[in-house]
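2 protein chains.
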Amino acid sequence: MLNNLRVTLANGKSTEVFFPDTVRDLSERLSGYGRRVLWVFDTNSRNLLSQLPEHCVILPSGEKYKLWDSVEKIISAALDARLGRDSIMIGFGGGVICDMTALAASLYMRGCRLVLVPTTLLCMVDASLGGKSAIDFRGVKNLVGTFYPAMDVLISPSCLRTLAEAEYMSGMGEVIKHAFLSPDMDLYDFLVSEHDAILRRDRTVLCEMLRLSLSVKAGYIERDPEEKKGIRQALNLGHTFAHALETVDNFGTKHGMAVAWGLSRAAWCGVRTGVTDPSLAEKVDSLLRLYGYDIDRRIERGRWIDYSSAVSKDKKNISGTVRFVLLEDFGRPVLRELDSQIVREAVLTSAGVQG
Amino acid sequence: MLNNLRVTLANGKSTEVFFPDTVRDLSERLSGYGRRVLWVFDTNSRNLLSQLPEHCVILPSGEKYKLWDSVEKIISAALDARLGRDSIMIGFGGGVICDMTALAASLYMRGCRLVLVPTTLLCMVDASLGGKSAIDFRGVKNLVGTFYPAMDVLISPSCLRTLAEAEYMSGMGEVIKHAFLSPDMDLYDFLVSEHDAILRRDRTVLCEMLRLSLSVKAGYIERDPEEKKGIRQALNLGHTFAHALETVDNFGTKHGMAVAWGLSRAAWCGVRTGVTDPSLAEKVDSLLRLYGYDIDRRIERGRWIDYSSAVSKDKKNISGTVRFVLLEDFGRPVLRELDSQIVREAVLTSAGVQG
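Chains as they are written, first to last, in this note's numbering: chain C, 1365 to 1719; chain D, 1365 to 1719.
Note that these hints are calculated values from the structure, not bench results. Treat the hints with caution; some may be incorrect.
Sample of chain D residues lacking proximity to chain C, with all beta carbon distances greater than 12 Å (derived) [to be verified]: (1) Phe1382; (2) Asp1385; (3) Thr1386; (4) Arg1446; (5) Phe1501; (6) Gly1503; (7) Ser1522; (8) Asp1550; (9) Gly1616; (10) Ser1704.
Computed, partial: chain D to chain C, Cβ under 8 Å [what the hints assert, rightly or not]: (11) Leu1369; (12) Arg1370; (13) Ser1470; (14) Arg1474; (15) Val1504; (16) Leu1507; (17) Gly1509; (18) Leu1524.
Note that the structure is a prediction, hence the values are computed from the model and not measured. Beta carbons: idealized from backbone N, C-alpha and C, even for Gly.
Could you put together the complete structure from these sequences and hints?
Okay, structure coming up:
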């Protein structure tokens, strides 16, 4: 098992990340939490356990159930199981389950203990670490939530063996984002040199990739746990482009795929505005192509109004101007407003080309 | 205007308490928050303003609406008003409104700014200070909530002029509780000597009483903002008895009246178990009688099962044993389990007396 990673987050609370690399290691750690525990699954993640625990709630799977109604089910189950403030909720699943379990744990008796076991690559490298809980509200993604770091996060590549290929590649989009947010090139070089092993999900290589990726994320959130200093926002690299794509596409594009596309668009805008050196943008695009992402995709011209309105409806932009994350260099993100015309050029099919 | 009181609370955040003693002072301070503000009223408190502000939500009044549905209305109104994370929600009303506005503010975009203007005495001395937000859930009072201290709390006796007598006396129950939780006797002596002025709501005397009362509360919450060290629990003096009375009485007894009664019952149990000196219990009862509380009330013998089950359904007791706050002396609360037989003696009519 790799060394743990301890990350200090909101309210001075810290999260301990463990990397149990086999099913056996994972089970052992989980059984250590005792029986006064409520498990939260979705209809997919429940299949990863051969036997369901005593107290559990199984929610329908998917972003469209990321609503108060589901959180209410978790809290209700906690009450039935007579959980106290010292008891533990275990969120066992992807980002939706982890975000909602974290919200329920932060609210139940004003906060009980929280353990997260992300079962998708996307959730391992993104939602599980950082203390953000959330549900969607009136169509705005993650509008309602709290900062509530998990006590423990258990990241085990053993959960990834059966993950669908598209889900796996969605997670890789966030990993590649972290490579460019890192001030050193360790993760970038690793992604280039270990490409084959990563795609065949070699356990040892995966563990190292997860550790490198989470260390980059940890560096940003530790300096700005409640996203108040303009540092943590850097993790949104590619995301403003991505969220709007997801919206106009009715969430038919997986999040990490959209992020990969958004990364490429952000690099393009960086070059266009003189922020990013063309050689760096070329590195972004090459790595994305190496992993097979469709970065040539463009929005049809007739959908520009939809796309542009989706950009301004992003939660972060409700009250003011839209700021994009651009890259000055590896690990040197900057927040910039972008002229609407530039965004338009970045995402639309050019005049003569059919979308 | 009295000096402000600054109280450091959960997450190292602090609340500034202001005492604007006239309507004019209060209005001036409120207008200083600008226009990117959402106001939350109930159907009572809205009448305290001659003109409604631009962005506001008016909720139905009463504990039975202290539910997610109301919080959702607040969040929805915030979204309509395009509030951002730097915008302000102002909770203007009694405990229910303040608790729910605080919850909505803690959840909207993972936390926007919060100002509370308590308009009842109970809320001024209790709910407004301390950073607890809450709603009821499946009949359990305050089961769901967060720790989220207000940025500012504005406490103005001008709001109390039209408060119904029963509401006023309900608030006084918590003030008297604070008198016995204070390590000095300043508040106790003040309540004895200024009894007449307090009952006729003399503005200057009220201000001083509010300041003394809040200082006592502040002393407990600053040492234990998230109620994890067994210190803040002392503020529940009388409350375990009180909550159960409120429950068996279907909330027909006002909270502060129930707390006054519970104080007397806790003092009785303290004497019975050798924790409390009889002379202190006598002081408790005399002060309560001076203010006209019915401390001779008892539960009918046939309702003991209901009462006793209500005690164990108190949120704090869901997962384990019931601990009561007893008094060793002024400002020296202790947490004790009590034999069920002693609780029974404390609250039931004696065998020969009709309940």
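To see whether the hints hold, each was checked on the structure:
With a minimum CB-CB distance of about 24 Å to chain C, Phe1382 of chain D clears the 12 Å threshold, and the non-interface call stands. At roughly 33 Å from the closest C-beta of chain C, the C-beta of Asp1385 of chain D stays outside 12 Å, upholding its exclusion from the interface. Distance check for Thr1386 of chain D against chain C: the nearest CB is about 33 Å away, which clears 12 Å, and the non-interface claim stands. A cut-off of 12 Å between C-beta atoms contradicts the statement that Arg1446 of chain D is not in contact with chain C; the least separation is 5 Å.
At the 12 Å boundary, the C-beta of Phe1501 of chain D falls inside the reach of chain C, the nearest C-beta of that chain being 6 Å off. With 12 Å as the threshold on Cβ separation, the claim that Gly1503 of chain D sits away from chain C is violated: the shortest Cβ distance comes to roughly 10 Å. Residue placement check: Ser1522 of chain D keeps its beta carbon more than 12 Å from all beta carbons of chain C (closest about 32 Å). Look at Asp1550 of chain D: its CB is around 31 Å from the nearest CB on chain C, clear of 12 Å, so calling it non-interface holds up.
No beta-carbon of chain C comes within 12 Å of the beta-carbon of Gly1616 of chain D; the shortest separation is about 25 Å. Every beta carbon of chain C lies more than 12 Å from that of Ser1704 of chain D, the smallest distance being close to 19 Å; the non-interface claim holds. For Leu1369 of chain D, the interface hint is violated, the least distance from its beta-carbon to any beta-carbon of chain C being 23 Å, above 8 Å. Because the closest C-beta pair between Arg1370 of chain D and chain C is about 19 Å apart, greater than 8 Å, the hint is violated.
A least Cβ separation of about 6 Å between Ser1470 of chain D and chain C falls short of the 8 Å threshold, and the interface hint therefore holds. Annotation: Arg1474 of chain D was flagged as interfacial toward chain C, and the flag holds, the nearest CB pair being 5 Å apart, inside 8 Å. For Val1504 of chain D, the interface hint holds, since its Cβ comes within 8 Å of a Cβ in chain C; the closest pair sits about 7 Å apart. The beta carbon of Leu1507 of chain D is positioned within 8 Å of a beta carbon in chain C (closest approach about 7 Å), and the interface hint is therefore held.
Taking 8 Å as the C-beta cut-off, the interface hint given for Gly1509 of chain D holds, the closest approach to chain C being about 5 Å. Because the beta carbon of Leu1524 of chain D sits about 29 Å from the nearest beta carbon in chain C, more than 8 Å, this interface hint is broken.
Consistency note: the structure conflicts with the earlier hints numbered 4, 5, 6, 11, 12 and 18.
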